[in-house]
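Student: Those protein sequences? They're chains A and B, same order as listed. Heads up: the first sequence runs through residues 1 to 95, numbered per full-length UniProt numbering. Heads up: the second sequence runs through residues 1 to 330, numbered per full-length UniProt numbering.
To be clear, the hints were calculated from the coordinates, so they are not data collected in a lab. Ideal Cβ placement from N, Cα and C applies to all residues, glycine included. Treat the hints with caution; some may be incorrect.
Taking lysine-lysine and the BS3-like style, the derived pairs with C-alpha atoms no more than 25 Å apart in a straight line are [as the list claims (entries may be wrong)]:
| id | chain 1 | residue 1 | chain 2 | residue 2 |
| --- | --- | --- | --- | --- |
| 1 | B | Lys171 | A | Lys22 |
| 2 | B | Lys301 | B | Lys121 |
| 3 | B | Lys230 | A | Lys68 |
| 4 | B | Lys47 | B | Lys230 |
| 5 | B | Lys119 | B | Lys282 |
| 6 | B | Lys121 | B | Lys282 |
Coverage of chain A stretches by chain B, computed from C-beta distances (three or more under 8 Å per stretch; other residues unrestricted) [stated by the list, open to error]:
| id | region |
| --- | --- |
| 7 | 30-36 |
| 8 | 60-70 |
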Amino acid sequence: MATPNTPLWEVFIRSRNGLAHKHVGSLHATDATLALQAARDIYTRRGEGLSIWVVPSNAITASDPSEKGMMFEPAESKIYRHPTFYDVPDEVGHM
Amino acid sequence: MYTQALNTSDGDDRAVEDAARAAEFQARIDQDERIEPNDWMPAAYRKTLTRQISQHAHSEIVGMLPEGNWITRAPSLRRKAALLAKVQDECGHGLYLYAAAETLGTSREELVDAMLAGKAKYSSIFNYPTLTWADIGTIGWLVDGAAIMNQIPLCRCSYGPYARAMIRVCKEESFHQRQGFEIMVTLCRGTAEQKAMAQNALDRWWWPVLMMFGPPDQASQHGDTSTRWKIKRFSNDELRQKFVDATVPQAQFLGLTIPDPGMKQNENGNWEYSPIDWEEFKQVLAGNGPCNRDRLAARRKAHEEGAWVREAAMAYAEKRKSRQLAQAAE
Numbered sequence: 001m002a003t004p005n006t007p008l009w010e011v012f013i014r015s016r017n018g019l020a021h022k023h024v025g026s027l028h029a030t031d032a033t034l035a036l037q038a039a040r041d042i043y044t045r046r047g048e049g050l051s052i053w054v055v056p057s058n059a060i061t062a063s064d065p066s067e068k069g070m071m072f073e074p075a076e077s078k079i080y081r082h083p084t085f086y087d088v089p090d091e092v093g094h095m
Numbered sequence: 001m002y003t004q005a006l007n008t009s010d011g012d013d014r015a016v017e018d019a020a021r022a023a024e025f026q027a028r029i030d031q032d033e034r035i036e037p038n039d040w041m042p043a044a045y046r047k048t049l050t051r052q053i054s055q056h057a058h059s060e061i062v063g064m065l066p067e068g069n070w071i072t073r074a075p076s077l078r079r080k081a082a083l084l085a086k087v088q089d090e091c092g093h094g095l096y097l098y099a100a101a102e103t104l105g106t107s108r109e110e111l112v113d114a115m116l117a118g119k120a121k122y123s124s125i126f127n128y129p130t131l132t133w134a135d136i137g138t139i140g141w142l143v144d145g146a147a148i149m150n151q152i153p154l155c156r157c158s159y160g161p162y163a164r165a166m167i168r169v170c171k172e173e174s175f176h177q178r179q180g181f182e183i184m185v186t187l188c189r190g191t192a193e194q195k196a197m198a199q200n201a202l203d204r205w206w207w208p209v210l211m212m213f214g215p216p217d218q219a220s221q222h223g224d225t226s227t228r229w230k231i232k233r234f235s236n237d238e239l240r241q242k243f244v245d246a247t248v249p250q251a252q253f254l255g256l257t258i259p260d261p262g263m264k265q266n267e268n269g270n271w272e273y274s275p276i277d278w279e280e281f282k283q284v285l286a287g288n289g290p291c292n293r294d295r296l297a298a299r300r301k302a303h304e305e306g307a308w309v310r311e312a313a314m315a316y317a318e319k320r321k322s323r324q325l326a327q328a329a330e
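Chain A on its own, in the form it takes in the complex:
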């Protein structure tokens, strides 16, 4: 039981429907080859995907949730970035 902890990997799967790889969970494996095999066994037992990415968890840099106010403020205040900000006369129809 004294063995060191096995590295953690994040698993991303691209499903059949053509969407981008999506995070599905994580797993432990000693190297990338074993991580891919484990990802197949753990996350695609029912044909959930056509492609798998595994990424060492410690390679991910994440934003700080406690600073999300400041981080995302620029997007909150710019309503002119949305199409509904602009008036188009009704007689023009759908645009």
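Given the coordinates of chain A, work out where chain B should sit on it, guided by the hints.
Tutor: Positioned in the frame of chain A, the structure of chain B alone reads:
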């Protein structure tokens, strides 16, 4: 996948924390926001969830044992393939859940060690033996049926990683219950001997399955906190009643008798059941069930016998890494 009575929180070490942060946290929960791993959370929330999710994970892993017992003796190749797939699913469920528990800051190794040391609990139901093939049908039908009742509300639990793991688990769980019920239908339509075997299995599993939902509401002292934190959305007794009401018609369809002569339907349509023997539940949780020692011994043996594989994989990864470093240095 199986949960039970895992919804108790710690009353003793609820440290006095920053009141403003705690209020903000509760406000987020009240607005049905999900709590994510790096968010601030009260220490008791973290501890309650770590225990609940890891016990849930241990239950999945230990739950492989009673069913694994019948893989080599399944009556047909179809049944064998299905049972093998089900047991593999349980393993997968255990791994999703360990991953969710780890996001709270305790490593899987530590969680597993706590279970092997007998310090962490798992669902009491897996301390009962699987004596006949009908037990495999009954486990799928009732144990997985009870687990589904418990787990569907957990898909909306306030902790994001747990809720997401439960969504995956619930999707896979319905196959488990249906394969179990199909085994029961086949036995009940078979010879008198086969039907008696199905009845015998129901007789043995009924009460332990009702205990899976945990102690009655009056006896559950910590339910309030878990409810306030939206970890738990229904009380033990509510879920138990829902399960009984769903199961009685299924037993009638099979032509089996639920081993509770006092059971009757009230004016609301709910099936009232006789008092549960909570002393038995307490004994099984305390380690004195029919199979507690066997289960732990089997888990320890598997862990020890797998040690060389873990070590070899680690050594291989280290060797490759140092070789790559040496090549890069040339």
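Student: Now tell me if each hint is right for this structure.
Tutor: Do the hints match the structure? See the list:
Distance hint between lysine 171 of chain B and lysine 22 of chain A is fulfilled; the C-alpha atoms sit about 18 Å from each other, no more than 25 Å. About 18 Å separates the Cα atoms of lysine 301 of chain B and lysine 121 of chain B, which keeps this hinted pair within 25 Å; it holds. For the proposed pair lysine 230 of chain B and lysine 68 of chain A, the alpha carbon gap of about 23 Å is at most 25 Å, so the pair holds. Restraint check for lysine 47 of chain B and lysine 230 of chain B: the C-alpha separation of about 15 Å stays at or below 25 Å, so the hint holds.
This hinted pair checks out: lysine 119 of chain B and lysine 282 of chain B have alpha carbons roughly 16 Å apart, not beyond 25 Å. Distance restraint check for lysine 121 of chain B and lysine 282 of chain B: the Cα-Cα separation of roughly 12 Å lies within the 25 Å cut-off, and the hinted pair is therefore satisfied. With a threshold of 8 Å between beta carbons, the proposed coverage of the region 30-36 of chain A by chain B holds, since 3 of its residues qualify and at least three are required. Given as covered by chain B, the region 60-70 of chain A passes the check, having 4 residues with a CB less than 8 Å from a CB of that chain where 3 are the minimum.
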